[in-house]
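Number of protein chains: 2
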Amino acid sequence: MPNKKSPAPTKKDRTVHIYRTAAEIMCRKGYEATSMNDIAEAVGLTKAGIYHYISGKEKLLFAIMSYAMDMVDEDVIGPAQRVADPEERLRTIVERHSNRILEVGGDTTILLEEMYALTPAHRRIVRARKRAYFDLLRHTLEDLAKQGKLAAIDPSVATFNILGTITFLSRWYREDGRLTAEEVLWHVREFAMNAVLRPASC
Amino acid sequence: MPNKKSPAPTKKDRTVHIYRTAAEIMCRKGYEATSMNDIAEAVGLTKAGIYHYISGKEKLLFAIMSYAMDMVDEDVIGPAQRVADPEERLRTIVERHSNRILEVGGDTTILLEEMYALTPAHRRIVRARKRAYFDLLRHTLEDLAKQGKLAAIDPSVATFNILGTITFLSRWYREDGRLTAEEVLWHVREFAMNAVLRPASC
Chain A
109 MPNKKSPAPT
119 KKDRTVHIYR
129 TAAEIMCRKG
139 YEATSMNDIA
149 EAVGLTKAGI
159 YHYISGKEKL
169 LFAIMSYAMD
179 MVDEDVIGPA
189 QRVADPEERL
199 RTIVERHSNR
209 ILEVGGDTTI
219 LLEEMYALTP
229 AHRRIVRARK
239 RAYFDLLRHT
249 LEDLAKQGKL
259 AAIDPSVATF
269 NILGTITFLS
279 RWYREDGRLT
289 AEEVLWHVRE
299 FAMNAVLRPA
309 SC
Chain B
109 MPNKKSPAPT
119 KKDRTVHIYR
129 TAAEIMCRKG
139 YEATSMNDIA
149 EAVGLTKAGI
159 YHYISGKEKL
169 LFAIMSYAMD
179 MVDEDVIGPA
189 QRVADPEERL
199 RTIVERHSNR
209 ILEVGGDTTI
219 LLEEMYALTP
229 AHRRIVRARK
239 RAYFDLLRHT
249 LEDLAKQGKL
259 AAIDPSVATF
269 NILGTITFLS
279 RWYREDGRLT
289 AEEVLWHVRE
299 FAMNAVLRPA
309 SC
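As you go down the protein sequences, you meet chains A and B in turn.
For the first sequence, position 202 (counting from the first letter as 1) is numbered 310 according to our numbering, and the numbering increases by one without interruption.
For the second sequence, position 116 (counting from the first letter as 1) is numbered 224 according to our numbering, and the numbering increases by one without interruption.
FYI, nobody ran anything at the bench for these hints, they're computed from the structure.
Incorrect hints may have been included.
Identical chains blur together in the list; that is why a pair holds if it fits in one copy or across any two.
In the SDA-like style, the derived pairs of lysine to any residue whose C-alpha atoms are separated by at most 20 Å in a straight line are [claimed, not checked]:
1) Lys137 / Ile233
2) Lys238 / Arg204
3) Lys137 / Tyr224
4) Lys119 / Gly157
5) Lys257 / Pro307
6) Lys119 / Glu149
7) Lys119 / Tyr175
8) Lys137 / Glu222
9) Lys137 / Arg235
10) Lys155 / Asn145
11) Lys254 / Met223
12) Lys167 / Gly138
13) Lys120 / Gly164
14) Lys254 / Thr123
15) Lys137 / Ala229
16) Lys257 / Glu298
17) Lys238 / Tyr281
Could you build the full structure based on these sequences and the hints that come with them?
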């Protein structure tokens with residue numbers, strides 16, 4: 109029952125709740141082994157009820173991936189594009205993307221790997237969005253190189269390495285771990301910045 | 109038909125061929141969507157024939173993961189344990205693990221994430237083996253710290269970051285890409301070493 113003091117959840121709130129719950133179940137049981145029934149049950153809807161929100165499992169997976177990429181657009185790509193200095197832009201990308209995984213959990217990040225389960229048309233769309241993000245990061249490293257600040261390291265390989273470092277957070281970070289989210293964020297950022305910046309000359 | 113000049117494949121050779129083929133199909137179609145029939149067909153065995161090698165799909169997944177961890181033991185952990193100097197040991201781990209993924213492809217590395225599909229007993233075994241590898245890497249970073257060579261970075265977080273960097277190779281590296289395997293290896297190693305080593309003081 110909705111709390112009197114909170115506004116009633118909108119259809120968008122309910123849809124996001126379905127995406128997050130479905131992502132959690134799909135990560136725990138595997139995408140193929142998860143049924144629309146499992147998801148309906150977990151969010152307290154009938155099987156007919158859930159089809160009001162989403163028309164099938166592949167469409168749901170695509171919707172979850174699109175939602176995850178929307179969040180990357182909004183929380184990472186948009187803010188980073190407004191940072192002119194490439195070193196600061198790189199720091200913004202690493203911090204904001206890592207922070208998002210630490211804050212909301214890694215399930216949707218993990219599901220972004222399940223490309224095989226998409227229809228070819230949906231796969232092309234998700235791949236193009238991942239590519240746009242990759243390019244932002246690679247161009248940032250190329251801008252650093254132009255300023256003489258990039259270590260002797262290939263910008264494309266370094267981009268993949270940074271993405272591997274950040275997305276792996278979704279596999280290992282636990283809220284009840286030894287370090288706070290803020291501490292983990294600090295160490296991930298240091299690692300990535302150390303890895304690609306040329307040490308200050310002396 | 110076996111080539112006269114080559115020795116006939118042993119049962120071990122055939123088993124490894126089944127593991128690699130199964131890993132490739134499971135990565136392409138998803139573990140759950142892959143049937144024992146798909147695998148039998150791909151390796152040219154009847155359904156009865158494949159059960160001579162392996163008694164079911166979960167056992168096959170566990171066998172593939174165990175095989176992947178055997179290779180890590182043999183190619184990475186064993187040689188690294190024989191290197192006394194921690195900086196050289198770290199370089200050995202990064203090079204040998206990356207090289208293995210570049211040489212044999214990333215399918216078995218990707219399958220090592222599918223922990224949810226294992227029985228609890230199998231999951232415990234694989235988790236303990238991953239943990240032993242994690243500990244080797246973390247202790248290596250702690251040894252570097254004792255020598256004053258580790259940057260100001262938490263050894264556990266840095267260990268996860270290095271593992272994320274290496275294992276992500278399995279998702280992006282293509283043999284027909286712009287860089288040779290040797291070049292990719294060089295850039296991955298530089299990235300990881302730069303990330304964790306304190307810059308030489310001046």
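* Given identical chains, is Lys137 near Ile233, meaning Cα to Cα at most 20 Å, within a copy, between copies, both, or neither? -> Classified as between: cross-chain Cα gap 19 Å, same-chain 26 Å, threshold 20 Å.
* Given a CA cutoff of 20 Å, do Lys155 and Asn145 count as a within-copy pair, a between-copy pair, both, or neither? -> within (6 Å within a copy, 32 Å between copies)
* Status of Tyr224 relative to Lys137 across identical chains (alpha carbons, at most 20 Å) -> For Lys137 and Tyr224, both the intra-copy (17 Å) and inter-copy (6 Å) Cα distances are at most 20 Å.
* To do: At 20 Å max between alpha carbons, let me know whether Lys119 reaches Glu149 within a copy, between copies, both or neither.
  => Cα proximity of Lys119 and Glu149: one copy only (18 Å, versus 47 Å across).
* Pop the pair Lys167 and Gly138 into one bin, within, between, both or neither, using alpha-carbon distances up to 20 Å. => Both: 16 Å inside a chain and 17 Å across chains, each within 20 Å.
* **Intra- versus inter-copy proximity for Thr123 and Lys254 (alpha-carbon distance at most 20 Å)** => neither (44 Å within a copy, 51 Å between copies)
* Could you figure out if Lys119 and Tyr175 sit no more than 20 Å apart (CA to CA) within one copy, between two copies, both or neither? => Answer is within; shortest intra-copy Cα gap is 15 Å, inter-copy 48 Å.
* To do: If the cutoff is 20 Å on CA atoms, where do Lys238 and Tyr281 land: within, between, both or neither? Let me know, please.
  => between (22 Å within a copy, 16 Å between copies)
* How would you classify Lys137 and Arg235 at a CA-CA limit of 20 Å: within, between, both, or neither? -> Cα proximity of Lys137 and Arg235: across copies only (17 Å, versus 24 Å in one copy).
* Asked: What label fits Lys137 with Ala229 when the C-alpha limit is 20 Å: within, between, both, or neither?
  -> between (26 Å within a copy, 16 Å between copies)
* Using 20 Å as the alpha-carbon threshold, which applies to Lys119 and Gly157: within, between, both, or neither? -> within (13 Å within a copy, 53 Å between copies)
* Asked: Checking Lys120 and Gly164: alpha-carbon separation at most 20 Å within a copy, between copies, both or neither?
  -> within (18 Å within a copy, 43 Å between copies)
Checked against the numbered hints above, the structure violates hints 11 and 14; every other hint is satisfied.
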